[in-house]
Amino acid sequence: TYIKASDIEEVKDVHEGRACVGNILDSYQSVIRLQREIQALANEADDEGTAALMSDYIREQEKTAWMLTSYLG
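By the working numbering, the letter at position 25 of the sequence shown is numbered 25, and the numbering carries on one by one without gaps.
Worth flagging that the hints you see were computed from the coordinates, not collected in a lab.
Be careful, since some hints might not be right.
Now the in silico label distances, taken between C-beta atoms and shown as ranges [what the hints assert, rightly or not]:
(1) E62 - H15: 24 to 30 angstroms
(2) V21 - D56: 35 to 41 angstroms
(3) N23 - K63: 15 to 21 angstroms
(4) E48 - C20: 34 to 40 angstroms
(5) T50 - S30: 17 to 23 angstroms
(6) K63 - R18: 19 to 25 angstroms
(7) E44 - H15: 40 to 46 angstroms
(8) E16 - I38: 31 to 37 angstroms
(9) A45 - A5: 20 to 26 angstroms
(10) A5 - R36: 17 to 23 angstroms
(11) L72 - D47: 31 to 37 angstroms
(12) I24 - L53: 30 to 36 angstroms
Every residue, glycine too, gets a C-beta built ideally from N, C-alpha and C.
Using the sequences and the accompanying hints, generate a full structural model.
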C-alpha cells in the first residue's frame, strides 16, 4: 500500500495545533529532500526540464517550510 511505501509517516491522534504544524513541517522537509534527490538525478541525466521543475517545486516548498518554522518560533 501507499503508506508502507511512503517516506512520510502517518500521524494519528494529534490534538494540539503546534504539534500538527510540526508534523506538517516534517513532511514538507521529507518531500524537499526527495525532490533534491530527483533534481540531482535529473542534472546527471542532463534532463533540464525535470531539473527546472524540481527547482520550482523546491523553491515554493522551502518558502512554506520557512513560514511553518517561523510560526513554530
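A quick look at each hint next to the structure:
1. Taking the beta carbon of each, E62 and H15 are about 29 angstroms apart, inside 24 to 30 angstroms as hinted.
2. A hinted range of 35 to 41 angstroms is violated for the C-beta pair V21 and D56, which are about 24 angstroms apart.
3. Distance hint for N23 and K63: a CB-CB separation of about 19 angstroms, consistent with the stated range 15 to 21 angstroms.
4. Against the hinted window of 34 to 40 angstroms, the Cβ-Cβ separation of E48 and C20 comes to about 38 angstroms, which satisfies the hint.
5. Between T50 and S30 the C-beta distance comes to about 20 angstroms, which sits within the given range of 17 to 23 angstroms.
6. K63 and R18 have their C-beta atoms about 20 angstroms apart, which keeps the hinted 19 to 25 angstroms range intact.
7. Under the hint 40 to 46 angstroms, the C-beta atoms of E44 and H15, about 44 angstroms apart, fit the expected range.
8. Checked against the hint of 31 to 37 angstroms, the pair E16 and I38 passes, with Cβ atoms roughly 33 angstroms apart.
9. At about 23 angstroms, the CB distance of A45 to A5 agrees with the hint of 20 to 26 angstroms.
10. For the pair A5 and R36, the beta carbons lie near 19 angstroms from each other, so the given range of 17 to 23 angstroms is met.
11. A hinted range of 31 to 37 angstroms for the beta carbons of L72 and D47 is consistent with their spacing of about 35 angstroms.
12. Between I24 and L53 the Cβ separation comes to about 23 angstroms, which falls outside the hinted range of 30 to 36 angstroms.
Of the numbered hints given earlier, the model fails hints 2 and 12; all others are met.
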